[in-house]
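*Asks:* The lines below spell out each chain.
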Amino acid sequence: MVDSINVQPNSPKLSSEEESCLDYYYDNPEDLPGNLDLEPNALPPEITLIDYTENTVNQIKISNPEDCIPYLKSDSVSWIDMLGLGNKIAWQQMAKVFQIHPLIIGDIVNVPQRPKIIHDNNQIIIITWIVRINSDFEPFEKEQISIILGEKYLITVQEKPEDDCLKPVRERIKNNQGIIRKQKVDYLAYSLLDTIIDGFFPVLEEYGERIEKLENEIVFNPARHSMQKIYELRRELLTLRRAIWSLREAINILIRDGTNLISPDVLVYFRDCYEHTIQLRDIVETYRDLASDLMDIYLSSVSNKMNEVMKLLTVISSIFIPLTFIAGVYGMNFNPEVSPWNMPELNWRYGYPFCLLIMFITAVGLIYFFWQKGWFENLSITLKEDD
Amino acid sequence: MVDSINVQPNSPKLSSEEESCLDYYYDNPEDLPGNLDLEPNALPPEITLIDYTENTVNQIKISNPEDCIPYLKSDSVSWIDMLGLGNKIAWQQMAKVFQIHPLIIGDIVNVPQRPKIIHDNNQIIIITWIVRINSDFEPFEKEQISIILGEKYLITVQEKPEDDCLKPVRERIKNNQGIIRKQKVDYLAYSLLDTIIDGFFPVLEEYGERIEKLENEIVFNPARHSMQKIYELRRELLTLRRAIWSLREAINILIRDGTNLISPDVLVYFRDCYEHTIQLRDIVETYRDLASDLMDIYLSSVSNKMNEVMKLLTVISSIFIPLTFIAGVYGMNFNPEVSPWNMPELNWRYGYPFCLLIMFITAVGLIYFFWQKGWFENLSITLKEDD
Amino acid sequence: MVDSINVQPNSPKLSSEEESCLDYYYDNPEDLPGNLDLEPNALPPEITLIDYTENTVNQIKISNPEDCIPYLKSDSVSWIDMLGLGNKIAWQQMAKVFQIHPLIIGDIVNVPQRPKIIHDNNQIIIITWIVRINSDFEPFEKEQISIILGEKYLITVQEKPEDDCLKPVRERIKNNQGIIRKQKVDYLAYSLLDTIIDGFFPVLEEYGERIEKLENEIVFNPARHSMQKIYELRRELLTLRRAIWSLREAINILIRDGTNLISPDVLVYFRDCYEHTIQLRDIVETYRDLASDLMDIYLSSVSNKMNEVMKLLTVISSIFIPLTFIAGVYGMNFNPEVSPWNMPELNWRYGYPFCLLIMFITAVGLIYFFWQKGWFENLSITLKEDD
Amino acid sequence: MVDSINVQPNSPKLSSEEESCLDYYYDNPEDLPGNLDLEPNALPPEITLIDYTENTVNQIKISNPEDCIPYLKSDSVSWIDMLGLGNKIAWQQMAKVFQIHPLIIGDIVNVPQRPKIIHDNNQIIIITWIVRINSDFEPFEKEQISIILGEKYLITVQEKPEDDCLKPVRERIKNNQGIIRKQKVDYLAYSLLDTIIDGFFPVLEEYGERIEKLENEIVFNPARHSMQKIYELRRELLTLRRAIWSLREAINILIRDGTNLISPDVLVYFRDCYEHTIQLRDIVETYRDLASDLMDIYLSSVSNKMNEVMKLLTVISSIFIPLTFIAGVYGMNFNPEVSPWNMPELNWRYGYPFCLLIMFITAVGLIYFFWQKGWFENLSITLKEDD
Amino acid sequence: MVDSINVQPNSPKLSSEEESCLDYYYDNPEDLPGNLDLEPNALPPEITLIDYTENTVNQIKISNPEDCIPYLKSDSVSWIDMLGLGNKIAWQQMAKVFQIHPLIIGDIVNVPQRPKIIHDNNQIIIITWIVRINSDFEPFEKEQISIILGEKYLITVQEKPEDDCLKPVRERIKNNQGIIRKQKVDYLAYSLLDTIIDGFFPVLEEYGERIEKLENEIVFNPARHSMQKIYELRRELLTLRRAIWSLREAINILIRDGTNLISPDVLVYFRDCYEHTIQLRDIVETYRDLASDLMDIYLSSVSNKMNEVMKLLTVISSIFIPLTFIAGVYGMNFNPEVSPWNMPELNWRYGYPFCLLIMFITAVGLIYFFWQKGWFENLSITLKEDD
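Going down the list, the protein sequences come from chains P, X, U, Z and A. The opening residue of the first sequence carries number 232 in the numbering used here; numbering runs sequentially from there. The opening residue of the second sequence carries number 232 in the numbering used here; numbering runs sequentially from there. The opening residue of the third sequence carries number 232 in the numbering used here; numbering runs sequentially from there. The opening residue of the fourth sequence carries number 232 in the numbering used here; numbering runs sequentially from there. The opening residue of the fifth sequence carries number 232 in the numbering used here; numbering runs sequentially from there.
Keep in mind that the hints were calculated from the coordinates and are not lab data. Please note: incorrect hints may appear among the correct ones.
[Said to hold, decoys possible] Straight-line C-alpha distance at most 20 angstroms; calculated EDC-like pairs for lysine to aspartate or glutamate: (1) P:Lys460 with Z:Glu393; (2) U:Lys347 with X:Glu480; (3) Z:Lys373 with Z:Glu393; (4) U:Lys347 with X:Glu448; (5) P:Lys604 with X:Glu516; (6) U:Lys460 with U:Asp429; (7) U:Lys347 with X:Asp503; (8) A:Lys460 with A:Glu443; (9) U:Lys444 with A:Glu467; (10) A:Lys460 with U:Asp527; (11) X:Lys460 with P:Glu285; (12) Z:Lys460 with A:Glu463; (13) U:Lys444 with A:Asp527; (14) X:Lys460 with P:Asp527; (15) X:Lys373 with P:Glu448; (16) X:Lys460 with P:Glu576; (17) X:Lys460 with P:Asp488.
[To be verified] Covered stretches of chain Z (in silico footprint by chain A; criterion: 3 or more residues with CB under 8 angstroms from a CB of chain A, positions within the stretch not fixed): (18) 283 to 294; (19) 429 to 442; (20) 498 to 505.
No residue lacks a Cβ here, since even glycine has one placed at the ideal position from N, Cα and C.
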């Protein structure tokens with residue numbers, strides 16, 4: 232069905248020598264590249280074939296990719312959905328049936344790859360991530376998903392069999408919702424890509440909420456681990472950002488270069504996907520900027536806290552040190568009996584009350600001084616906020 | 232009137248198969264995309280039709296978009312002004328009458344979108360934001376407005392019915408001010424876009440004033456919440472900035488690609504709009520830089536404050552600690568009766584005055600030392616500024 | 232003389248309909264755009280016509296732009312120099328005589344605009360700023376100047392009539408200095424632009440000196456307001472930078488697009504102007520980087536100052552607190568008469584001198600400890616610098 | 232075999248004069264450029280020739296490059312592997328046999344060069360680095376490797392003879408693993424480049440681990456030298472980053488310009504190399520961002536530590552200073568015998584216990600105050616973490 | 232010999248009118264542009280003519296540029312080497328003999344200019360800087376050098392006559408080293424440019440060493456002026472960076488645009504120069520990043536120092552304040568004779584030793600507490616490092 236493969240776009244024609252090189256692979260499909268990261272005794276992947284036209288849907292579990300061949304020959308849309316990366320034998324069969332270039336198989340099974348789109352004269356390969364958040368302040372989970380779009384078939388490969396995130400699309404096909412059954416395989420590719428991209432939005436929303444939580448925590452009660460939380464948030468946003476940038480770039484190339492596998496009016500839908508990735512990029516950039524500002528706020532909060540501590544120390548020291556000095560003076564043992572110049576206050580009738588009065592006036596004066604500077608106000612605020 | 236729709240520019244011709252795909256929508260207008268964020272029992276939008284030529288103006292409230300059809304056939308300019316996003320039925324009617332692509336309807340009703348301009352062979356769709364500021368230190372309000380420019384008609388959709396910000400243009404048409412009535416529908420589109428863009432300037436001016444207020448607050452009296460205010464200011468500027476960048480980019484594409492719906496001499500006016508968005512971008516970038524500098528000023532203010540507190544503590548401690556030590560020495564109980572070496576000062580005639588003199592000299596010396604270092608100067612400045 | 236106007240470059244030909252739209256303006260010159268920021272009862276601008284050839288110079292004050300028409304028809308270079316933005320009537324007359332597009336008039340009178348260059352088939356409009364510095368640590372003053380270059384005439388519009396900064400060029404024409412009288416009107420445009428650009432250099436030099444002054448202030452005596460000064464410096468540099476970037480971009484477009492109004496060997500001179508704007512950009516970027524570094528130096532200076540204060544407090548506290556403790560011990564009232572274990576030192580013959588000796592040794596030991604750590608060195612430096 | 236050399240691509244033909252200039256070198260191979268950084272009495276490099284076809288492999292140690300000539304004439308792939316940079320005589324011979332331009336020889340022996348790719352009509356020269364990490368917190372080691380790709384031969388030059396990092400490829404040839412023996416010399420070039428690029432990944436992984444270690448160290452126990460470690464990490468990442476950017480750029484040029492020496496289906500493999508360099512770039516950028524964040528965390532950790540120290544000082548001072556003041560008051564020597572106003576407490580029956588009670592209440596009150604503010608909590612955390 | 236000059240590249244032909252404009256200069260060479268920054272009574276420059284072919288070398292001191300004319304007509308390479316910028320008369324002669332455009336003369340004598348390359352149909356003008364470092368922590372010196380490359384001649388103009396940095400090239404010509412005598416004037420231009428670019432490397436190496444010195448100083452002993460040193464380093468690197476960027480850009484333009492004055496196989500050498508400027512750019516960027524990191528290290532060092540000071544204060548205060556309090560308690564004068572509740576300890580047999588014991592235990596307990604927190608460790612490190 233597919234005679235030759237050529238990953239370099241626009242090459243006019245393959246010379247016979249080049250063809251032989253490529254034929255090599257398809258004649259000897261067991262010669263996959265040596266660097267496949269597959270576990271040697273992994274189970275074969277779970278393969279489901281969904282074959283549909285506007286009026287009919289067939290969903291069959293198949294064990295050998297060669298079972299698909301009869302369906303590929305019909306005019307219906309054939310979606311081969313693989314759960315799990317499978318093992319070497321399965322990929323040797325896949326390579327043979329669908330004529331997949333060994334390097335592409337490498338990209339599919341050696342997870343994780345950067346999101347990318349590879350053009351081929353007869354296939355478009357979309358490799359991207361599905362992201363998901365489980366619980367609070369856990370990093371997001373990611374899973375690689377690969378889509379191979381052929382003329383009448385589409386293959387999806389999901390890394391983790393337990394989470395089937397393409398279910399909504401499968402439901403839509405089964406229940407004939409929307410226009411998916413009225414369209415060709417390129418619209419199916421769009422539907423899958425759109426479902427995947429839409430999965431990024433709740434993850435980013437979660438991060439938006441985390442940033443708001445952190446902001447409240449940092450402004451009102453900066454704890455020691457707040458800084459670490461910001462750091463982790465930024466690290467995860469960094470990862471998300473790189474994924475989104477790659478995805479945006481990949482879809483841009485797909486749209487710009489056009490292709491014989493996507494019809495012009497489905498291309499419009501891909502352009503809509505592109506708009507969504509731009510929106511994702513905008514959100515993630517904004518979050519990164521906000522997280523960066525949070526670091527500054529944290530540092531200023533710590534400085535403010537230290538300032539309050541210093542003020543408390545200064546207030547207490549400034550009030551009691553002069554008082555202690557006065558007490559010290561009248562604790563001196565100069566002998567009042569020797570001369571009238573030696574501490575006559577000690578023998579005054581009101582010496583002690585007078586001394587206490589001086590201390591009191593000193594203390595009140597200092598307290599008034601600090602009150603006027605507004606230091607007590609801040610201290611009480613500090614106290615209240617921490618309650 | 233409009234036979235087919237093609238969102239992909241420059242596609243020479245639609246094959247029959249493609250057409251059928253698009254026809255699908257217009258034959259079955261109730262098949263809108265499933266992801267419209269419309270409330271199921273929302274009221275229909277309030278639709279006003281303004282139909283004008285150089286000499287005549289008709290303003291009619293209409294309930295069914297199909298009522299517009301007779302006006303569309305005439306040579307006059309027809310402005311269909313929708314207040315509120317309406318409900319699904321209204322959009323099914325709109326899609327049928329004006330042949331609007333379902334994806335575009337999605338962009339119009341799923342608010343908020345990034346500002347953008349979509350080319351179509353028969354329509355230009357401008358989606359942008361109107362911004363407004365209500366009161367001091369409140370974030371700006373934004374509302375999405377969509378403009379659909381056809382050959383002889385123009386549709387505007389405003390998100391929030393209560394704020395009609397297109398009134399000035401409507402007034403100009405009614406009162407035949409300026410040249411708007413002498414021009415075609417493309418000039419009307421420019422007038423609306425210009426009114427919308429001009430709305431950004433007072434918002435940015437408001438932010439400029441906030442930055443100045445904050446600067447005064449931070450330099451002279453940095454409070455604990457100043458940092459948070461800067462943070463919020465930067466967050467809002469970030470949002471404004473992204474809106475302005477998108478808008479600038481969208482208008483740039485509109486001008487660069489040209490189009491059959493805008494005549495060359497009205498394009499000049501759109502270029503003027505473009506210049507305005509560049510000016511907006513410049514202002515918002517400057518404000519972001521200034522807000523970033525404010526953070527540094529705040530941090531330095533906090534450091535300065537702490538410095539003053541430290542100085543006060545040091546001055547008071549340094550003066551009284553040595554004095555207290557002297558008092559402590561003469562508070563020792565060595566027995567002067569045992570030997571003449573044991574604290575003979577206690578029995579001196581002028582022991583106590585002499586001791587006080589030493590304390591006085593010590594204190595004056597230390598005060599002079601700090602005065603020479605200029606510390607008291609700063610303290611009094613601190614005191615004054617805080618009053 | 233000029234039949235039609237077309238601001239869109241390269242449009243091959245105006246259709247009759249488009250022409251009529253433009254004709255509208257020139258037939259009804261009182262229909263200027265409504266958003267001109269002119270005071271309604273402003274005085275008419277002061278207009279001077281300088282008409283020269285290699286051998287003759289005429290300088291005439293004119294009151295109505297129509298008086299220029301006879302000079303425009305001759306082969307001489309006609310420079311119409313307007314001082315002040317004038318009033319609406321004057322611009323209606325100007326629009327009629329020189330066929331100026333209403334949007335351009337808007338740009339000229341609605342100051343300030345970003346520097347820009349507008350191409351027109353028959354006119355090049357250069358809008359830029361003249362900058363000037365008056366006194367120390369005042370922001371620079373700016374004035375908008377607009378140059379309209381026609382085939383044989385050149386119009387300049389200066390915002391502020393009091394400062395005539397084009398005097399040097401006028402003098403050169405009057406006195407036949409250099410080659411200006413031997414050249415056409417394009418060389419006159421270059422001379423004016425060059426004079427304007429050269430005006431930026433002394434302003435930037437002034438800022439260079441301010442940065443140096445600030446550096447000295449900050450390193451040796453960081454005052455509270457230094458931070459504010461840096462902030463204001465950066466704010467002004469930001470404004471200058473945006474003006475210079477816009478100017479550079481504008482001249483670049485002028486050179487790249489070429490034009491029928493500038494001959495190739497005068498274009499060389501414009502390229503020289505371009506080089507100057509690049510040099511300006513380099514200087515202003517360097518200054519911004521330096522101002523940014525100054526902020527860091529200020530913060531480190533404040534930290535250093537605090538460090539010195541802390542050291543002083545630590546030295547004084549560390550020396551006197553142990554001494555006070557020793558004095559406190561011998562101030563205790565344990566009764567030596569009860570048992571020989573209770574403070575027998577108090578009754579020793581040399582108890583007091585011995586106690587003083589211990590205090591002296593403790594103090595000297597601590598001073599030696601701090602001296603070895605080099606703390607006194609720093610303190611004396613601090614003292615010296617502050618004198 | 233190779234008649235003329237021309238490093239400028241696309242020059243249609245060399246004139247006789249130009250040829251003579253180039254002939255000069257090859258006729259006088261001893262005239263190498265004067266600035267070769269070779270030690271005058273260095274040993275000749277160790278040269279190994281591996282000549283293989285699908286069915287045969289020959290591996291010969293050769294001493295004179297001229298010994299290769301017979302192998303070059305056959306259709307087999309000839310890989311000349313030089314260990315060590317060798318001496319001048321060896322390069323004079325190489326230049327003669329393989330017609331290498333003197334400037335290229337300069338690039339090969341004057342290590343280190345930036346990674347780059349030089350096109351030549353008859354040769355592609357790839358100069359890059361091999362990186363390796365030895366032990367913990369040592370900077371990575373780098374070695375320059377140069378690959379000269381001819382029509383049927385390939386020369387590799389390794390800087391340091393002791394580390395032969397091309398062994399895996401050599402093994403694959405010897406053992407006929409994969410498809411390398413079935414392919415031409417361009418696939419050999421790819422295999423080598425791929426091996427080299429793959430060597431970057433473990434180095435980056437090592438840096439990733441170092442960053443994680445540092446993060447733990449900094450968050451929980453920021454030591455004085457942590458900052459220096461971050462600085463050194465950033466310095467090394469800077470070096471790695473520049474190498475990777477250059478490499479990425481070089482491979483991009485190779486792919487974009489195409490060349491007559493690489494067949495289209497091997498170009499696919501080079502594109503895979505390019506993807507790997509992008510992945511490397513992404514990782515190294517992420518690490519640099521993380522290292523930059525670590526600096527902020529370190530600074531905040533230091534601030535936090537200081538905050539704890541200040542709190543401890545404040546707690547202790549605030550509790551004991553008032554107590555000491557109370558003790559000081561009752562240490563005053565006012566004579567209770569003179570009047571009942573002078574310190575009657577001293578003669579009260581429960582004066583002393585009452586005084587101790589007041590002290591106790593004061594202390595408990597203050598401790599409760601600080602406990603309520605949560606200061607003790609932090610102190611104990613600090614204590615625990617440091618254990 | 233040279234009939235007309237045209238600085239605008241690619242202008243097909245000069246019209247007679249334009250020519251006359253240019254002729255003007257060459258007919259009236261005294262009409263140099265008015266803004267030459269030459270001292271009016273400067274000495275004429277020292278001009279040396281070096282005329283060589285493969286076999287002959289003539290070196291003549293000439294006083295009038297017109298003396299060169301006979302040499303220009305021969306096929307030999309003529310290098311006119313001017314030391315010093317000279318005076319106006321000399322440049323009038325130069326302009327006449329070598330047909331140099333007045334604007335170019337302005338660039339040559341109005342130092343300093345940004346490095347740049349100007350194309351001319353008959354001349355390439357290279358203006359660049361020579362840099363040199365004299366002593367430690369002095370800014371680098373720079374001198375402008377201009378190279379005018381004609382068809383068979385080359386003019387160099389050095390700003391400062393005392394430093395002749397082109398001597399190595401002159402020596403190579405004299406002694407017939409390398410291939411310079413066998414090549415044309417374009418290779419001479421390369422040799423000069425290469426010598427100039429190579430001069431940047433030792434300057435950058437010097438800065439690399441300064442950064443290392445500063446790093447050691449800052450990490451182990453951050454002095455007050457370290458910050459200023461970093462600032463100055465960054466300021467100088469900023470200047471170097473701008474020079475190198477301009478140079479890189481200039482050479483890039485030269486290579487990209489090609490020219491009729493440089494033969495293809497000499498262009499290879501210019502490409503090598505370009506590679507060197509990229510290497511320079513990489514180094515200078517790395518240094519700027521490192522200098523920026525040094526600022527952070529300095530700030531963290533200052534914070535660390537303050538931390539140590541605070542710890543010392545806290546340790547001493549925390550130990551002695553409680554002890555002083557205990558001493559204060561037993562210094563109170565409650566009358567033990569009044570009741571057994573009043574300070575019976577004073578009359579205990581072992582009251583005083585018991586009190587000292589309590590003090591000792593308190594002190595040891597606190598010291599153990601701080602020792603466990605590792606504070607003494609840091610203090611001793613601090614002490615050691617400062618020795």
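*Asks:* A separate judgement is required for each hint: does it hold in the structure or not?
*Replies:* These are the hints, each one checked on the structure:
Taken as a hint, the P:Lys460 and Z:Glu393 pair is broken in the structure, with Cα atoms around 46 angstroms apart against an allowance of 20 angstroms. With a C-alpha separation of about 19 angstroms, the suggested pair U:Lys347 and X:Glu480 falls inside the 20 angstroms cut-off, and the hint holds. A C-alpha spacing of about 13 angstroms is found between Z:Lys373 and Z:Glu393, which places the hinted pair at or below 20 angstroms, so the restraint holds. At roughly 37 angstroms between alpha-carbon atoms, U:Lys347 and X:Glu448 are farther apart than 20 angstroms, so this suggested pair is violated.
In summary, the hint linking P:Lys604 to X:Glu516 is not supported, as the alpha carbons are separated by about 38 angstroms, beyond the 20 angstroms threshold. A distance of roughly 26 angstroms separates the Cα atoms of U:Lys460 and U:Asp429; the hinted pair therefore is violated under the 20 angstroms criterion. The suggested pairing of U:Lys347 with X:Asp503 holds, with an alpha-carbon distance near 12 angstroms, which does not exceed 20 angstroms. A distance of roughly 12 angstroms separates the Cα atoms of A:Lys460 and A:Glu443; the hinted pair therefore holds under the 20 angstroms criterion.
Our distance criterion of 20 angstroms between C-alpha atoms is met by U:Lys444 and A:Glu467, whose separation comes to about 18 angstroms. For a cut-off of 20 angstroms, the pair hint linking A:Lys460 to U:Asp527 stands: about 13 angstroms separates their Cα positions. About 58 angstroms separates the Cα atoms of X:Lys460 and P:Glu285, which puts this hinted pair outside 20 angstroms; it is violated. Of the supplied pair hints, the one linking Z:Lys460 and A:Glu463 is violated, its CA atoms being roughly 25 angstroms apart against a limit of 20 angstroms.
As the CA atoms of U:Lys444 and A:Asp527 are separated by approximately 24 angstroms, the hinted pair breaks the 20 angstroms bound. Taken as a hint, the X:Lys460 and P:Asp527 pair is honoured in the structure, with Cα atoms around 13 angstroms apart against an allowance of 20 angstroms. Taking the CA atoms of X:Lys373 and P:Glu448, the gap is near 28 angstroms; set against the 20 angstroms cutoff, the hint is violated. With a C-alpha separation of about 58 angstroms, the suggested pairing of X:Lys460 with P:Glu576 is violated against the 20 angstroms cut-off.
As the CA atoms of X:Lys460 and P:Asp488 are separated by approximately 47 angstroms, the hinted pair breaks the 20 angstroms bound. Closer than 8 angstroms: that is the beta-carbon criterion, and the stretch 283 to 294 of chain Z has 0 residues meeting it against chain A, so the requirement of 3 is violated. Under a criterion of three residues with beta carbons nearer than 8 angstroms to beta carbons of chain A, the stated coverage of the stretch 429 to 442 of chain Z fails, only 0 such residues being counted. For the stretch 498 to 505 of chain Z, the proposed coverage by chain A is not satisfied: 0 residues have a C-beta within less than 8 angstroms of a C-beta in that chain, short of the threshold of three.
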